[in-house]
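Start from chain D and add chains Y, G and Z according to the hints.
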Amino acid sequence: MSEIKQERVGVYVCHCGSNIAGVVDVVDVANWAAEKLKHQGVVIAREYKFMCSSLGQELIEKDIKELGLTRVVVAACSPHLHEKTFRTAAKNAGLNPYLVELASIREQVSWVHTDKAVATEKSKAVVSGAVSRVIENVPLEELKVPINPNTLVVGGGIAGIQAALEIANAGFHVYLVEREPSIGGHMAQFDKTFPTLDCSACILTPRMVEAGTHPNITLLTWSEVEKVTGFVGNFNVTIRKKARCVKEELCTGCGICEEKCPKKVIDDVFEAGLGYRKAVYTPFAQAVPKYPVIDKANCTYFLKGTCKACEKFCPTGAIDFNQQDELVNVEVGNIILATGYDLFDARRVSNYGYGRLPNVFTSLEFERLSNAAGPTNGNIVLRDGKTTPKSVGIIHCVGSRDKNFNNYCSVICCMQGLKFAHLVHERTGATVYNFYIDMRTAYKAYDEFYQRVLEEGTLFVRGKVAEVTDAGRNEREKGKLIIQVEDTLAGKQRRIPVDMVILSSGLQPRADAKEVGKLFGISCSTDGWFTEKHPKLDPVATMTEGIYIAGCAQGPKDIPSSVAQGAAASARVLDKILQKEVALEPVRASVDQEMCSGCRICNGLCPFNAISFLEDRMVTEINPALCQGCGTCVAACPAGAISGTGFSNEQILAQIDGLLLRNIEPVEA
Amino acid sequence: MTSNGKPKFAMYWAASCGGCEIAVLNIHEKILDVDANFDVVFWPVAMDAKYKDVEAMEDGSILLTLFNGGIRNNENEHLAKLLRQKSKILVAFGSCACEGCIPGLANLSPVGEIVHTAFSTLSTDNPHEIYPRVSFDVPEGELHIPKLEPILRPLDQVVDVDYYMPGCPPESHQIAAVVDLVIKVLRDEAQLPPKGAVIGAGNSTVCDECKRTRNVKFIREFKRIQDIAPVDPTLCLLEQGIPCNGPATRSGCNARCPSAGAQCIGCYGPAEGVVDYGARLITAFSSVVDAREPEEIERILDGIPDPVGQVYRFNLAGSLMKAAKPAWQKA
Amino acid sequence: MTENFEPTIIGFTCNWCSYRAADLAGTARMKYAPNVRLIRMMCSGRLDPTFVLRALSGGADGVMITGCHPGECHYIEQNYKALRRYLLLKRVLKGMGIEPERVKLVWASAAEGAKFASETTLFVEEIRKLGPLNWGKPTERLDDLQEEISKTEEVPA
Amino acid sequence: MNKYILYPGCSMESSARAYMESMNAILEPLDIHFEEIDDWNCCGATEYLGINLIPAYSLIARNLALAAKQKNGTRTVVAPCSACYLNLAKADHYMQERPSLGAKVNEALAAGGLQYTPGTLDVRHLIDILVNDIGLDAIRNAVVRPLKGLKVVPYMGCMLPRPDYKNRWSDHEHPTELDDLLRALGADVIDYPLTTECCGGHMTQIGPETAFELIMRLVADADDRGAHLMATVCPMCQMNIDAYQNEMNHFFGTDYHMPILFFTQLMGLAFGREPDELGIGTELVSSRNALANIGVEVPVTQEPSAPRKKDEGLPMPRRWTKQEGKKEAVK
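Residue numbers (my numbering), protein chains in the order written: chain D, 1 to 669; chain Y, 670 to 1000; chain G, 1001 to 1157; chain Z, 1158 to 1488.
Hints are computed from structural coordinates only; laboratory data are not their basis.
Computed from a predicted structure; not experimentally measured.
One or more of the hints may lead you astray.
Stated by the list, open to error - Straight-line alpha carbon distances no greater than 20 angstroms define the calculated EDC-like cross-link-like pairs of lysine to aspartate or glutamate that follow:
#1 G:1094 - Y:782
#2 G:1104 - Y:964
#3 G:1104 - Y:965
#4 Y:994 - G:1077
#5 G:1031 - D:35
#6 G:1115 - D:527
#7 G:1094 - Y:971
#8 Y:880 - D:615
#9 G:1104 - Y:967
#10 D:480 - Z:1348
#11 D:478 - Z:1370
#12 D:478 - Z:1381
#13 G:1137 - Y:818
#14 G:1094 - Y:967
#15 D:403 - Z:1330
#16 D:480 - Z:1328
#17 Y:999 - G:1140
#18 D:514 - G:1077
#19 Y:994 - G:1099
#20 D:480 - Z:1381
#21 Y:880 - D:594
#22 D:403 - Z:1328
#23 D:478 - Z:1412
#24 G:1094 - Y:964
#25 G:1031 - D:121
#26 D:227 - G:1077
#27 D:478 - Z:1354
Claimed, not checked - These stretches of chain D come out as covered by chain G in the derived footprint (C-beta under 8 angstroms, 3 or more residues):
#28 450–464
#29 620–633
Using N, Cα and C, we set each Cβ at its ideal position, and we do this for glycine too.
This is chain D alone, in the form it adopts within the complex (with noise of 0.2 angstroms):
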């Protein structure tokens, strides 16, 4: 057995109220503590009621300097909540931080166990594996990492505006991609927006325009993150422009190309498809930029090579027609991921009738029927884009909150239910139905708009729509869409006859949602959201330090909501960028260029390129700064020669050692 190493060792057991002391015997394990380890150097064991206390932290402080502490154990909570607190601790008692180590006596033991003896006992055996361990700590340095002063804005919807406008105020630069011609997302589609029913265009389009115009920000619309890497402070990032076939530096705006152009297609996109567009456009009017694009798979010269009209009768020559893709280099230190949502794709409920049914509309289509830019000009029409509906049903939870589909609740449909509602009264006085289970208007000023829609007449009916169908079975029902719902507040089936159907549906991740993840090094949740390194205290940062999330990426909600992440998640990265450097966690690996044999077999273990072979020597070399510390490769040398700071062979194999207590008993011969 390897000698005892005179190592002074503290272990200090937290009560955390009754979270821990009221399933453990806290004193038992400090004593048992004292007694049984005190051969292997643990010279005090305490226990005290809330160890992250400012009190705990001093006792701490005290022993080490009156005690002469070398090492600590400190068995509370997870790592991840305090580990930084009781390594601050030590550092202010001059102690190098990386000599301590808590041992999870809450979260893995008193909240997963009933049976008090047997959760002493493990917690004994937790505390013994953790001291066994930090002896064979050694001190470490963080590493220091200069911080890129850019930021990576990816999205630019209403969340990826707020971010990248707070960056550039503040005098940083900021790269906004954006995947469709125009920033502006999904909030540049609505025609009001709620509570207060402001145009969404008239409050949107000037922070496009403060964005499109800001020195301190560079805009790359049409274009595609392709890869990333690096970390932390030192992103480097490839960027896919997509070819707009537009000379950007030629082109005014002035959109006779637009005009010219004779080839009409569907936009599916903005106009949700039930607009048309050109094959050269920009999305909307207030586009930001204002160049447009080709949409090469519909342009008649892409396809046939003929027509042009739009090189023709451009003024400043601007069209290109063989402008191709750049892949765009930027260095940055942090990156925010706002890339918003899908809508729920309404045909998958096909009792509803979305697809089938002539006049059942999604909430996009209806925003974009409401809209005065809209293609029918703000007239809330039928399908056949005449008619006006005399009655109106607006069917909330549409892929929401039902197991078949998406188990969540998408937070925005019950209020867009009653803009609706709102909207047909204001334009057409139609009689107006909304089919709802529970009425969610949890924010402010939000249930006053639906008392205020409730007082315009609207007829709302609480049950869970069971079908849409043309099959009217009397004079009342013929040539309508009956909508059968179990009315619960009535407690009989009702079969309601209306003109038209508005479908509020739910927001979804982006179908590549996983794939994006993939490519920044962030992982998604079950449902298919962003995962937020902490869904309550840190919801705009995730687990990779330097990749932060704002918006409908990381969960269903409001404008509002979107806004206030986007600019979380600004200060963030700002408070990241005056730091001027990072501290990474000083977890690496190294090769003993001595033992290296140069067999090669750990050469192609790291996706992070961080492991290379040096020809001239025949050994292998880590580069430290792209090292990230995952330890595959120290577990793989097959010479034992590469070793890992912070989970070193010796810590683990002596937290193995402790953990079944074999350095209790007096090992047998």
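Just chains Y, G and Z now, with coordinates in the frame of chain D:
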């Protein structure tokens, strides 16, 4: 010191094949240096010294004892303890003493089964099923033979060992080098290495001395060397799908086997500071497997039909597990 | 005897997924068997087969290896390497006469606290059925080799 | 040559003889070969499963056991009738899902020396193999007389698409397989929203008013949409709408005349076969006028059932007199 002033030298062989003894002779004329500088007092294979002669010596009077072979029966254990008592420097000489070697593979089966296999299987003509007995009365008196220990143990699991000299057998040029070193120490021209050190070997692995070219390895199939015709003489054997233990085996033999066209089977034992040799090979071979789906990985791993033999051929007794479960149950 | 046999199990978790799944099981107060003692590593790829052998030979009756689902590894693909090592290690354990079911690999993402808890309890039951490993401690006393051999036959007079 | 095992079911030989004849008529042009399960028995239709599970499933599973024994190079059992298809599919599914049920059923089958392991057979409906195996192109090529001008309402019935254990159908509420097939025959297919609404099933026996209500909805909507006739895939649907349409009219005081044929009869016509070979004309609500739209002359083989003559005796009590009060159509 003996009467003629020369330090005493002893060599003993426990559970071994005698190859280590031959390797000592294999240092050719240097054997004369041994004779010139040492007084060989105990060397059962070479001279007829008796145990009681050794018991009569004073403790620590033998300067250098090269002990090869694992501890299989109680006689081995007795001699190990005796020589430990009598020797100043006790060297675990060769793979058997260091980590059990081929005899150590017996630890895969219970001891009863070993004896049964030895004395009454197809190849043994034993119609009356006569088995050895630890003691047996004959007219002349009571005969004794050593009793088998339940599992074979390397030397350092029985007595405290000063130095380890791996290899099956240790290379003669390494033995010669150690002899020279000890001679220099006698003349105070050199210092003994720290206690417990491995001598007569390198501090890297076989690949360091192997002349074959090595690239990044992506293995789709493991094959036995005889199934590959012809074997590329210059390319790393592992890259050709042959499970070669070189990457995890200590250097010192100038990659004798790979240079001769065969894969290294690991007789020089683990590299410096390695806790379990087999574990190093498990992680080495799985690191070069180029597959992600479990079924595909299993198909590739089927290319190593006997994983225990592949990764623990020489060091089962010296590994963390030491023996298979059946062997433990009846210990 | 196996009913009240309480197995001791060492669990290896990866910092980003399965350790957080364990924490989530804690914050959600889910109850599971107390027999597993967890060790945190940065990634399941950090798992060295030596750790498993050290645990089994050191008194553990089973080892549970957990990590992120394939494709969701925080370090992109290192859990595949853990899978490969696990599959080869199981073959070696089988060769050593140890029931391969004593070592189990489970993927659990940071959101799957419930799965972590249920898999742990399930594994404890599986190990309880297998009984103690007791590495290095003989389960049957072998007094005399002779008596062992003689059991096989009688020597003719 | 597309080989299948056929489970005809009782109605194909009695009330739905027209379905059998028209099906046999379309096999040859589509190169389909059916081999009937010998000694098959009734499938328990819609009632038996509701009464007692074990004997019901044993009755059904007996057919599967016989078919499994007779596997002539195909594992697909085709059931033209929706009720038979659903019962066979349920038996196969729940014997796998609930091993205890499977065991009891096999225990029962053992009495007859039979056994069935769930999962060995694929249970599929006739239209499923026509659309998915044979394919619409092959059907289109076999059409000699396109049914242009014939307005047809496709009525799938409620048993086929739900429950869909093996996800065979395009949608559970609005499947389009029958629509596509009829369109391939050249007919003007009407988009019919009630295609999977219930036809009343055996409610015609238990609660006639409910059945009439359901039948009235189907017929009324088809009539509103200007359909000449309805096409269905299920003998029970055909019988309920065809045989009870007159009583439904009587009950509601309406005068609908909506003929309903099997889709195979229309396929026969499209393939150039004569009406009498397809059992056309045997339906109670005559399809003469409907088929006149495409110039098909339906021979009057059978006197339309004349209303019963009043005999001199005492008047017969009306069958549903106790519902007299609620006779007017449900508003």
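Now the hints, each set against the structure:
{"no.": "1", "hint": "G:1094 - Y:782", "verdict": "holds (19 angstroms)"}
{"no.": "2", "hint": "G:1104 - Y:964", "verdict": "holds (17 angstroms)"}
{"no.": "3", "hint": "G:1104 - Y:965", "verdict": "holds (19 angstroms)"}
{"no.": "4", "hint": "Y:994 - G:1077", "verdict": "violated (35 angstroms)"}
{"no.": "5", "hint": "G:1031 - D:35", "verdict": "violated (31 angstroms)"}
{"no.": "6", "hint": "G:1115 - D:527", "verdict": "holds (16 angstroms)"}
{"no.": "7", "hint": "G:1094 - Y:971", "verdict": "holds (14 angstroms)"}
{"no.": "8", "hint": "Y:880 - D:615", "verdict": "holds (14 angstroms)"}
{"no.": "9", "hint": "G:1104 - Y:967", "verdict": "holds (16 angstroms)"}
{"no.": "10", "hint": "D:480 - Z:1348", "verdict": "holds (15 angstroms)"}
{"no.": "11", "hint": "D:478 - Z:1370", "verdict": "holds (17 angstroms)"}
{"no.": "12", "hint": "D:478 - Z:1381", "verdict": "holds (9 angstroms)"}
{"no.": "13", "hint": "G:1137 - Y:818", "verdict": "holds (15 angstroms)"}
{"no.": "14", "hint": "G:1094 - Y:967", "verdict": "holds (14 angstroms)"}
{"no.": "15", "hint": "D:403 - Z:1330", "verdict": "holds (18 angstroms)"}
{"no.": "16", "hint": "D:480 - Z:1328", "verdict": "violated (23 angstroms)"}
{"no.": "17", "hint": "Y:999 - G:1140", "verdict": "holds (5 angstroms)"}
{"no.": "18", "hint": "D:514 - G:1077", "verdict": "holds (15 angstroms)"}
{"no.": "19", "hint": "Y:994 - G:1099", "verdict": "holds (9 angstroms)"}
{"no.": "20", "hint": "D:480 - Z:1381", "verdict": "holds (13 angstroms)"}
{"no.": "21", "hint": "Y:880 - D:594", "verdict": "holds (18 angstroms)"}
{"no.": "22", "hint": "D:403 - Z:1328", "verdict": "holds (18 angstroms)"}
{"no.": "23", "hint": "D:478 - Z:1412", "verdict": "holds (19 angstroms)"}
{"no.": "24", "hint": "G:1094 - Y:964", "verdict": "holds (18 angstroms)"}
{"no.": "25", "hint": "G:1031 - D:121", "verdict": "holds (17 angstroms)"}
{"no.": "26", "hint": "D:227 - G:1077", "verdict": "holds (16 angstroms)"}
{"no.": "27", "hint": "D:478 - Z:1354", "verdict": "holds (18 angstroms)"}
{"no.": "28", "hint": "450–464", "verdict": "violated (count 0)"}
{"no.": "29", "hint": "620–633", "verdict": "holds (count 5)"}
In this structure, the hints that do not hold are numbers 4, 5, 16 and 28, in rising order.
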